[in-house]
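Q: Here are the chains, one letter per residue:
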Amino acid sequence: MINRIIGALGAEGIDTWAITERTSHSCETFFVRRNMDLKRRTSLTDYSVTVYRELDRDGAKLLGSSSVPVYPGMDVEEVRAALREAYFAASVAGNQYYELIEGAGEDKVPSASAFAKMSVEEAARAVGEALFAPDTGDDVFINSAEIFAVKRSTRVVNSRGVDVSWDTCEVRGEFVTQCPAPQDVEIYHSFAYAEPDADALSAKVEEALRQTRDRAAAKEPPKAGTYTVILSGDNMRELFDYYVSRSAAAAVYQHYSDYAVGKNVQGQDVTGDKLTIDLTDGEPYDAEGIRLTDRPLLEDGVVRTIHGGARFSSYLGIEPTGSFGGIRVRPGTAPLSELMSRPHLRVVTFSDFQMNAMSGHFAGEIRLGYLFDGEKTVPVTGGSINGSILEAQRTMRLSSELYVTPTYTGPLAVALDEVQVAGT
Amino acid sequence: MKLRDSVYLEKKRPLFEKLLGELLAKYPFASILAQDAAEKSCRVSRRLTNVSAGGTFSARGFVVKVYDGSHWSEHSFNEISEDLLPGILGEVEATAAMSEAVLPEGVKERVYSAPGAGKLTFSGSTDYEVDPDGLGDEEIVARLTAIRDRGLACSDRLIDCQASVTWNKSHKLYLAPDRDLTQNVMWTTGSVVAIASRGQEIKFSHKGYSVLGGAELMEDMGGEVEKTAATVLELLESEPLTPGEYECVCTPEVTGMIVHEAFGHGVEMDMFVKKRALAEKYVGEYVASPLVTMHDGASVVPETGSYFFDDEGTMAHDTVIIEKGVLKRGISDYLSAMTLGTEPTGNGRRESYRRKAYTRMTNTYFEPGTDSVEDMIASVKDGLLLCEPSSGMEDPKNWGIQCMVSYAREIKDGKLTGRVFSPIVLTGYVPDLLKSITMMSGKLELGGGGMCGKGYKEWVKVSDGGPWIKARIRLG
Numbered sequence: 002m003i004n005r006i007i008g009a010l011g012a013e014g015i016d017t018w019a020i021t022e023r024t025s026h027s028c029e030t031f032f033v034r035r036n037m038d039l040k041r042r043t044s045l046t047d048y049s050v051t052v053y054r055e056l057d058r059d060g061a062k063l064l065g066s067s068s069v070p071v072y073p074g075m076d077v078e079e080v081r082a083a084l085r086e087a088y089f090a091a092s093v094a095g096n097q098y099y100e101l102i103e104g105a106g107e108d109k110v111p112s113a114s115a116f117a118k119m120s121v122e123e124a125a126r127a128v129g130e131a132l133f134a135p136d137t138g139d140d141v142f143i144n145s146a147e148i149f150a151v152k153r154s155t156r157v158v159n160s161r162g163v164d165v166s167w168d169t170c171e172v173r174g175e176f177v178t179q180c181p182a183p184q185d186v187e188i189y190h191s192f193a194y195a196e197p198d199a200d201a202l203s204a205k206v207e208e209a210l211r212q213t214r215d216r217a218a219a220k221e222p223p224k225a226g227t228y229t230v231i232l233s234g235d236n237m238r239e240l241f242d243y244y245v246s247r248s249a250a251a252a253v254y255q256h257y258s259d260y261a262v263g264k265n266v267q268g269q270d271v272t273g274d275k276l277t278i279d280l281t282d283g284e285p286y287d288a289e290g291i292r293l294t295d296r297p298l299l300e301d302g303v304v305r306t307i308h309g310g311a312r313f314s315s316y317l318g319i320e321p322t323g324s325f326g327g328i329r330v331r332p333g334t335a336p337l338s339e340l341m342s343r344p345h346l347r348v349v350t351f352s353d354f355q356m357n358a359m360s361g362h363f364a365g366e367i368r369l370g371y372l373f374d375g376e377k378t379v380p381v382t383g384g385s386i387n388g389s390i391l392e393a394q395r396t397m398r399l400s401s402e403l404y405v406t407p408t409y410t411g412p413l414a415v416a417l418d419e420v421q422v423a424g425t
Numbered sequence: 028m029k030l031r032d033s034v035y036l037e038k039k040r041p042l043f044e045k046l047l048g049e050l051l052a053k054y055p056f057a058s059i060l061a062q063d064a065a066e067k068s069c070r071v072s073r074r075l076t077n078v079s080a081g082g083t084f085s086a087r088g089f090v091v092k093v094y095d096g097s098h099w100s101e102h103s104f105n106e107i108s109e110d111l112l113p114g115i116l117g118e119v120e121a122t123a124a125m126s127e128a129v130l131p132e133g134v135k136e137r138v139y140s141a142p143g144a145g146k147l148t149f150s151g152s153t154d155y156e157v158d159p160d161g162l163g164d165e166e167i168v169a170r171l172t173a174i175r176d177r178g179l180a181c182s183d184r185l186i187d188c189q190a191s192v193t194w195n196k197s198h199k200l201y202l203a204p205d206r207d208l209t210q211n212v213m214w215t216t217g218s219v220v221a222i223a224s225r226g227q228e229i230k231f232s233h234k235g236y237s238v239l240g241g242a243e244l245m246e247d248m249g250g251e252v253e254k255t256a257a258t259v260l261e262l263l264e265s266e267p268l269t270p271g272e273y274e275c276v277c278t279p280e281v282t283g284m285i286v287h288e289a290f291g292h293g294v295e296m297d298m299f300v301k302k303r304a305l306a307e308k309y310v311g312e313y314v315a316s317p318l319v320t321m322h323d324g325a326s327v328v329p330e331t332g333s334y335f336f337d338d339e340g341t342m343a344h345d346t347v348i349i350e351k352g353v354l355k356r357g358i359s360d361y362l363s364a365m366t367l368g369t370e371p372t373g374n375g376r377r378e379s380y381r382r383k384a385y386t387r388m389t390n391t392y393f394e395p396g397t398d399s400v401e402d403m404i405a406s407v408k409d410g411l412l413l414c415e416p417s418s419g420m421e422d423p424k425n426w427g428i429q430c431m432v433s434y435a436r437e438i439k440d441g442k443l444t445g446r447v448f449s450p451i452v453l454t455g456y457v458p459d460l461l462k463s464i465t466m467m468s469g470k471l472e473l474g475g476g477g478m479c480g481k482g483y484k485e486w487v488k489v490s491d492g493g494p495w496i497k498a499r500i501r502l503g
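Same order as they appear, the protein sequences are chains A and B.
Going by my numbering, the residue at position 352 of the first sequence is 353; the numbering climbs one at a time, nothing skipped.
Going by my numbering, the residue at position 331 of the second sequence is 358; the numbering climbs one at a time, nothing skipped.
No lab work stands behind these hints: they were computed from the structure.
Think of the CB as a built atom: it goes at the ideal place given N, C-alpha and C, for glycine as much as any other residue.
Incorrect hints may have been included.
Stated by the list, open to error - No farther apart than 27 Å at their CA atoms in a straight line, the calculated lysine-lysine pairs in the DSS-like style are these:
(1) A:Lys220 to B:Lys308
(2) B:Lys408 to A:Lys224
(3) B:Lys408 to A:Lys205
As the list claims (entries may be wrong) - A few chain A residues facing chain B, derived, Cβ under 10 Å:
(4) Gln97
(5) Thr272
(6) Gly273
(7) Thr277
(8) Val422
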């Protein structure tokens, strides 16, 4: 199909273009309690073509671009019609000029995951075994679960010689744990693994069951006020995404961010842990075909990289780093037990913890928290936290323990001072 | 004008019919949902112009669903031809037969009884006044550019003003032993966003537009761009709010978020099947003020959640969920209805042919009341006007509320004081909020600019809304 598309591009006189081909196979299983409710498989191939058009507006050299999906099974005339329409659209979408990424044909990068040696059915079953293994009780149990085992191949080709391809495998999903007494409650959890890790998933389920039992015992929201709030686990990535978003070349170019290499973004009088963050990715290339290598994003609170693809990097006159999907955060020196030694509210699950990268505001409704008043710890539920990373970053303290997911490696927990809490 | 049928789907129809025939020779029941949805967006900001096809709801492909006498299975794919049919059949059979290969130890497969429904043939299309593709990219970009320029001209303190429009032409064909259904639906959405900064803090104000139709939407766009720009400048002076319970008046957009997030997700009956919804225990009981009557339905109002039949071949409904404060019933997909022994309500929706169908909302709203907005604000001694919803998350099991709005305006002695608080988090217990509603304005307003997820995935297009409401709400 790619040859058909390239042929159609030539026939339409389009000489600057990029094509992405994505092929995927998945096995999906859906469970209600310990019954499989539905089984699914998918077998899909998608093509996206971006066409570029050099434009002259009042003597200024611009580059217009437009993307269009191309579907398998389209004949040459259908492909040409879609490309023709996109090429016209490019003529009215003129932006500052830039050059596409140049490259060469590279050998396909196979997935290094052990999932690659398994069928998607085997991978789904293996994860299902690990998920349900700790689910042995009737007092607290897995209410429902979904598992998606996916193998994906991606190829990126452009008119400047780039021709790269790679395979990825992952199993991701979600499960809900329920505890019916003393009050009937549930907690939602998600997971994603690039490598089989039955022990990690079983441990996650065991912890989820424990938390759900605690939530059933939690009766009241915390009292309204300001607290040292400790966040942990999957909320860490969401919190630190603020720095990834603000250091994106697209945000800088559009003046949504004033980040620049060398800028101290954490403040001058940091009394907590200084942030050191690297950009990482489990895939060898980004969507433009740029080879991804780990990059330092922040070092002790100072910006080291403005990151982005060809377009916005060119606009800023910097090296295109590519677009990254993961981060690695340097842990702190204090263990979580030390962070928890002072009065605090540790929120372990929210309805939905959200970090607004534009405003720096973070918030979430508390599904389960543990309130420590200096003497005793009680589980709490309800109410919400409402804070700003701009105010909290100067004193934030990171745990020395690590938490690892396919897109995050870093401290397990962070303590944020003076966070406003809405409660009773 | 009516949106025309998909040429592609009609061309492939004989193949779908042949595939269905072969599947029915092997299985008691099989269905095929074929989708051809084209989406396009134009966006103009201070420094960028983008015009591209594709997007969340752009898709062309197929899902085959099979019942083998006990269990259900699905196979999604996106290429079909005479030559490929044997291979597709083989994939469908392999999926139906893979239970042993995927079942974890100690886990069984749920047994369903045979499906059945009355025979039905249907073909329908939505109306539009102006075809966006006919209007053309150049004209659309020119109009958006004019809106952007008007916005930017309001103040040099604005970092940006974005104007965008997206349109989607969705064609579906559903074939089953008892069904031959086709539908063609077009919706269009637009937005204007004004952006300004207060140091490192970026503030924005947003105005959304939506229509079950085409580029006629653009006639209304831009009418309030100056107001949107003025609002974001006010937000630069906003203060944090002291957490507490407040007497609040909500705009229809905020009402819509409360309707959708706080209560709508809790009456999705696939949650009843999983025993994940508190609402199941409250059918027949008061869960809201007697002023509240709540609807959901793809056929009830023309908005972005509208269609003629759902992704399981059930015709669209108008479901009255709450009637004068009493919870009457939930909304349901087909399999959940089979399990619960209820009637499906036409709410079985997929993100696309690639994904499973779940119970999903469509157009969800509170009926209007009889109060005037002026009287509502005048009745508040010390409270807030909540404006511009930004996001929310459901908690069907425990009816906890998490909704965020961009800002609140202070009301003192029945008058807006000009003081603005931002951002605002709504929290508390859903029935407490709904039972505290004491006033509702007389006009129903819906918005379909956003989309709805099931948890953190499975996006579908919806609309929500209602009148202005007055209630007591816990805010953070």
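Q: Work down the list of hints and note, for each, if the structure agrees.
A: So, going through the hints one by one against the coordinates:
For a cut-off of 27 Å, the pair hint linking Lys220 (chain A) to Lys308 (chain B) stands: about 20 Å separates their Cα positions. Proximity of Lys408 (chain B) to Lys224 (chain A) is assessed by CA-CA distance (about 25 Å); at most 27 Å being required, the pair is judged to hold. Between the alpha carbons of Lys408 (chain B) and Lys205 (chain A) the distance comes to roughly 49 Å, so the proposed pair goes past 27 Å and is violated. Look at Gln97 (chain A): its Cβ gets to within about 8 Å of chain B, closer than 10 Å, so that hint holds up.
Given hint, Thr272 (chain A) at the interface with chain B, is violated; its Cβ is 19 Å from that chain's nearest Cβ, farther than 10 Å. For Gly273 (chain A), the interface hint is violated, since its Cβ never comes within 10 Å of a Cβ in chain B; the closest pair sits about 17 Å apart. Among the interface hints, the one on Thr277 (chain A) is violated; its C-beta lies about 20 Å from the nearest C-beta in chain B, farther than the 10 Å criterion. Taking 10 Å as the C-beta cut-off, the interface hint given for Val422 (chain A) holds, the closest approach to chain B being about 7 Å.
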